[in-house]
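Residue numbers (the numbering used here), protein chains in the order written: chain P, 293 to 405; chain U, 53 to 164.
FYI, nobody ran anything at the bench for these hints, they're computed from the structure. Quick caveat, the model's predicted, so the values are computed rather than measured. Where a beta carbon is used, it is the ideal one built from N, C-alpha and C, also for glycine. Misleading hints may appear alongside valid ones.
What the hints assert, rightly or not - In silico SDA-like cross-links for lysine to any residue, where the CA-CA straight-line distance does not exceed 20 Å:
id : chain 1 : residue 1 : chain 2 : residue 2
1  : P       : K360      : P       : Q294
2  : U       : K76       : P       : N333
3  : P       : K341      : U       : K76
To be verified - If you want the ones that stay clear, here's a sample from chain P, every Cβ over 12 Å from chain U, calculated:
id : residue
4  : L336
5  : L338
6  : T343
7  : S365
8  : E380
What the hints assert, rightly or not - Beta-carbon label-pair distances, calculated as ranges:
id : chain 1 : residue 1 : chain 2 : residue 2 : range
9  : P       : G308      : U       : D108      : 19 to 27 Å
10 : P       : L310      : U       : Q132      : 26 to 34 Å
11 : P       : T347      : U       : I107      : 39 to 47 Å
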Amino acid sequence: AQSVTQLGSHVSVSEGALVLLRCNYSSSVPPYLFWYVQYPNQGLQLLLKYTTGATLVKGINGFEAEFKKSETSFHLTKPSAHMSDAAEYFCAVSDGNTGKLIFGQGTTLQVKP
Amino acid sequence: DAGVIQSPRHEVTEMGQEVTLRCKPISGHNSLFWYRQTMMRGLELLIYFNNNVPIDDSGMPEDRFSAKMPNASFSTLKIQPSEPRDSAVYFCASSRLAGELFFGEGSRLTVL
């Protein structure tokens, strides 16, 4: 079975500050890991994904995440927050075979001016 | 290219009525997923299809829910009879097998 835990349902940062959204996973097989972003009244959009290979993954809008197997983590970071980054962020895990994603509960990112 | 198209975007209905949500996946994608999003339970996978065949429907809440995929370009999620606790946003997503999921904009259902 697979599961995802996102630590912190709400994160607030100032514009220009570091963004760190935490994600831990559980998987009995090598995981595929994803971060999605959801803006109000919209669907989910892929930010980045890890399948195999390099453990530091770069995505859109300046976000990146690092797969750490020893810590079963896949935290999302961005060096400098913009107002436009305010949204809900979801971490997800897949087994790489079925394609189905299991999502975490989501983290709402607030960016203060 | 057109993305995943869902209809209706908003549906308000009364308890006991039948609700049908529709989804057109991206052309060429062979996997289709139905998710439900609520504040309390987050994003839940209801059912998914590969090549129009239902693979896993263990997330379907109860017999009131049913989903079909008669061809590669169309799927429906039906709730009959609907109840207030079914109020949620229902998302359809499609992918090439085991690839990135592309989500529609969702159907917001309110059952009074």
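Here is what the structure says about each hint:
Under the criterion of a C-alpha separation no larger than 20 Å, the hint pairing K360/P with Q294/P is consistent with the structure, at around 16 Å. A C-alpha spacing of about 19 Å is found between K76/U and N333/P, which places the hinted pair at or below 20 Å, so the restraint holds. Between K341/P and K76/U the CA atoms are separated by roughly 25 Å; this puts the pair beyond 20 Å, and the hint is violated. For L336/P, the shortest C-beta to C-beta distance to chain U comes to about 4 Å, within the 12 Å cut-off, and the non-interface label is violated.
A beta-carbon of chain U is positioned within 12 Å of the beta-carbon of L338/P; the least distance is around 5 Å. Against the 12 Å criterion, T343/P falls within the reach of chain U, whose nearest CB is about 9 Å from its own CB. Chain U leaves S365/P outside its interface by the beta-carbon criterion, the shortest separation being 19 Å against a cut-off of 12 Å. Under the 12 Å C-beta cut-off, the non-interface status given to E380/P relative to chain U is violated; the minimum distance is some 10 Å.
G308/P and D108/U have their C-beta atoms about 44 Å apart, which leaves the hinted 19 to 27 Å range violated. About 49 Å separates the C-beta atoms of L310/P and Q132/U, a value inconsistent with the hinted range of 26 to 34 Å. T347/P and I107/U have their C-beta atoms about 30 Å apart, which leaves the hinted 39 to 47 Å range violated.
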